[in-house]
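Q: Each protein sequence line maps, in turn, to chains A and B.
For the working numbering, add 943 to where a residue sits in the first sequence, where the first one is 1.
For the working numbering, add 9 to where a residue sits in the second sequence, where the first one is 1.
It should be emphasised that the hints constitute simulated quantities derived from the structure, not laboratory data.
C-beta atoms are modelled at their ideal positions from N, C-alpha and C, and glycine is treated no differently.
Be careful, since some hints might not be right.
Quick list of the computed label-pair ranges, beta carbon to beta carbon [unchecked claim]:
1) Lys1016/A / Ser64/B: 31 to 37 Å
2) Lys50/B / Asp1048/A: 22 to 28 Å
3) Gln118/B / Gln948/A: 26 to 32 Å
4) Gly1029/A / Asp119/B: 23 to 29 Å
5) Arg31/B / Glu951/A: 40 to 46 Å
6) Lys1016/A / Ser122/B: 36 to 42 Å
7) Met104/B / Thr1080/A: 15 to 21 Å
Here are the simulated lysine-lysine pairs, DSS-like style, with alpha carbons at most 25 Å apart [claimed, not checked]:
8) Lys55/B / Lys973/A
9) Lys100/B / Lys1082/A
10) Lys973/A / Lys99/B
11) Lys1016/A / Lys957/A
12) Lys50/B / Lys1059/A
13) Lys18/B / Lys1036/A
14) Lys1036/A / Lys100/B
15) Lys1059/A / Lys55/B
Per the computed footprint, the stretches of chain A lying under chain B, defined by three or more beta-carbons under 8 Å from a beta-carbon of chain B, are [unchecked claim]:
16) 954-963
17) 981-990
18) 1036-1045
19) 1051-1059
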Amino acid sequence: MPDDQTVELNLPSKIGYERIAIGGVAEFAKSVGFSPPRIEDLKTSVAEACINAVQHGNKGKPDARVLLAITFKENTLFISVFDEGGGFKAELKDPNIERIIDNLDPPVGFGVFLMKRLMDEVEFNKRSNHLHEVRMTMKLTG
Amino acid sequence: MNQRPNEIKIESHGDIILLDIRGDVTAFSEPSLNSAYTSAKESGPKKIILNFEESAYINSGGIAVLIQVLAQTRRNNQKIGITGLSDHFKKVFNMVGITKFATIYPTQQDALSAMSSMS
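Same shape as in the complex, but just chain B (with noise of 0.2 Å):
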C-alpha cells in the first residue's frame, strides 16, 4: 500500500511563513517535508507554522521526520507553531515531548494572531 505524496503550500503572512501540509505524516513524508522547510528558510523566517489536516494519519515515522525538522528549527533560531491536530494527536505530541520545541495552536488564525506578536 502506497502512500500518496503529502502536498505542501508555502504561504507567507508577514513575517510568518505557514507550510500547509496535507496528508498522512509517515516516513514516506520525509522528502516532501524537508524539500518544504528547505523552500521557506530560503527567506530567512524566524517564525514557522506548521499546519496539518485533523484527519491524517500520523506514525512514530512522521513523528521522527518531525523532529528532525524541529532539531533544523533550532539550530536556525525558529519559533515553530503547530496547527490542525486532532485531539488525539495533540495528546501524542505532547507525551513525545514535541511541545518542548513547539507551540500547538487550536486553529490557524490563533497561531497566526499569537505568533504575529512575537518578536
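Just chain A, with the same shape it has in the complex (with noise of 0.2 Å):
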C-alpha cells in the first residue's frame, strides 16, 4: 500500500494516455506550491517517461501498463514510471542535431536528453527483466 502522501496512476500503454499523467502531476506539483515554469518543466518529462515506457519499455504490447507513483516529501517531488520491460542497456548519448538534419543520424533520443536537462535527478532502475522504473526528482526551492 503507498502511504498516504503519494498518488498512482495507472494507464493503458498507449500513446496520448501520458496527458492524463502530466495533468494529475501538474495539480499535484501546483498544490505543494511548484512555479508555473517548473511545473511545464515536469510536464515534459513526465510526458517524455511515458512515452518511452509505451514505446521501448512495454515495446507496444496491448495489456502492458504504465504505472505512475508521485510523492513529496522532504521539500522534493519524487515521480516514479514504471513499465514490464527490461529497461536500457547504456546510457543514451544524446542526440545531435546537426547530424540528425544531415541525416546522418535517426531523429530520436530527445525524450531522455529533455528529461536529465528538465529534472533535477533521473535513474533508471532495471527492478527486474519486466519491471522496469524511471525515477525523477524536482526540489522545491526559493
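Put the two chains together into one complex, using the hints given.
A: Here it is as C-alpha cells:
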C-alpha cells in the first residue's frame, strides 16, 4: 500500500494517455507550491517518461500498463514511471541535431535528453526482467 | 486517446509563406506538417514562418517531425522563423538545438517584419 502522501496512476500503454499523467502531476506539483515554469518542466519530463515506457519499455504490448507514483517529501517531488520492460542497457547518448539534419543519425533520443535537463535528477532502475523504473526528482526551492 | 489532426493554414505575406499550425505537435502531426510544407514550397519561397499555438502540447515525437521539416528547408536553402511558442517551448527548442536552424521571434508580426527585410 502506498503511504498517505503518495498518488498512483495506472494508465493504458498507449500514446496519448501521457496527457492524463501530466494533468495529474501538474495538479499535484501546484498543490505543493511549484512555480508555473517548473510545472511546465515536469509536464514535459513526465510525458517523455510515459512515451518511452509505452514505446521502448512495453514495446507496444496491448495489455501492458504504465504506472506512476508521485510523492512529495523533504521539499522534493519524486515521480516514478514504471513499465514492464527490461530497461536500458547503456546510457543513451545525447541527440546531435546537426547529424540528424544531415540525415546521419535518426531523429531519436530527445525524450531522455529533455528529462535529464529539465529535472534535478533522473535514474533508470531495472527492478527485474519485467519491471523498469524511471525515477525523477525535482526540489522545491525559493 | 486520439489526437485531432492539425489544421494548417498556408498564407502568403509578400515573399514569405506562413504556416499557421493549430493543435498539438506530436508524431501524429507528421502527415499534416509534411503535406503543408510540400504545398508551401510549390511557389519556391526562400522564407517560411511556422506559427504554433501558444497552448499547444509539443513532445519529442513532434520535435522529431519538426526537425525533419527543418532538414528539408535546409536542403532547399530556405530561412525559417518560428513564432507562437510558450516560454517553456522556446527553452526546449533552444535546448535541443532547433535554434541553430531556425530563428524564434516573439510574435508573428516581429517575424514578418524581420524576415521581409532579409535577402
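Q: Please go over all the hints and tell whether each is borne out by the structure.
A: Quick rundown of the hints versus the structure:
Checking the proposed 31 to 37 Å range against Lys1016/A and Ser64/B shows it holds: the Cβ atoms sit about 32 Å from each other. The hint said 22 to 28 Å for the Cβ distance between Lys50/B and Asp1048/A, and at roughly 24 Å that hint holds. Between Gln118/B and Gln948/A the CB atoms are about 48 Å apart, so this pair departs from the stated range of 26 to 32 Å. Against the hinted window of 23 to 29 Å, the Cβ-Cβ separation of Gly1029/A and Asp119/B comes to about 49 Å, which falls outside the hint.
Roughly 35 Å separates the CB atoms of Arg31/B and Glu951/A, a value that falls outside the hinted 40 to 46 Å. Between Lys1016/A and Ser122/B the beta carbons are some 50 Å apart, a value that contradicts the proposed interval 36 to 42 Å. Our hint of 15 to 21 Å for Met104/B and Thr1080/A holds, since their Cβ atoms are close to 19 Å apart. With a CA separation close to 44 Å, the supplied pair Lys55/B and Lys973/A exceeds the 25 Å bound.
Distance restraint check for Lys100/B and Lys1082/A: the Cα-Cα separation of roughly 20 Å lies within the 25 Å cut-off, and the hinted pair is therefore satisfied. Taking the CA atoms of Lys973/A and Lys99/B, the gap is near 22 Å; set against the 25 Å cutoff, the hint holds. For a cut-off of 25 Å, the pair hint linking Lys1016/A to Lys957/A is broken: about 30 Å separates their Cα positions. Only pairs whose Cα atoms come within 25 Å are accepted, and Lys50/B paired with Lys1059/A is rejected, the gap being roughly 36 Å.
Distance restraint check for Lys18/B and Lys1036/A: the Cα-Cα separation of roughly 37 Å exceeds the 25 Å cut-off, and the hinted pair is therefore not satisfied. The straight-line distance between the Cα atoms of Lys1036/A and Lys100/B is roughly 21 Å, inside the 25 Å bound, and the hint therefore holds. Taking the CA atoms of Lys1059/A and Lys55/B, the gap is near 36 Å; set against the 25 Å cutoff, the hint is violated. With 7 residues carrying a beta carbon less than 8 Å from a beta carbon of chain B, the stretch 954-963 of chain A meets the three-residue requirement, and the given coverage holds.
For the stretch 981-990 of chain A, the stated coverage by chain B holds: 4 residues have a C-beta nearer than 8 Å to a C-beta of that chain, and at least 3 were required. Under a criterion of three residues with beta carbons nearer than 8 Å to beta carbons of chain B, the stated coverage of the stretch 1036-1045 of chain A is upheld, 6 such residues being counted. Requiring three or more residues with a Cβ within less than 8 Å of a Cβ of chain B, the coverage given for the stretch 1051-1059 of chain A holds, as 5 such residues are present.
The structure shown violates the earlier hints numbered 3, 4, 5, 6, 8, 11, 12, 13 and 15.
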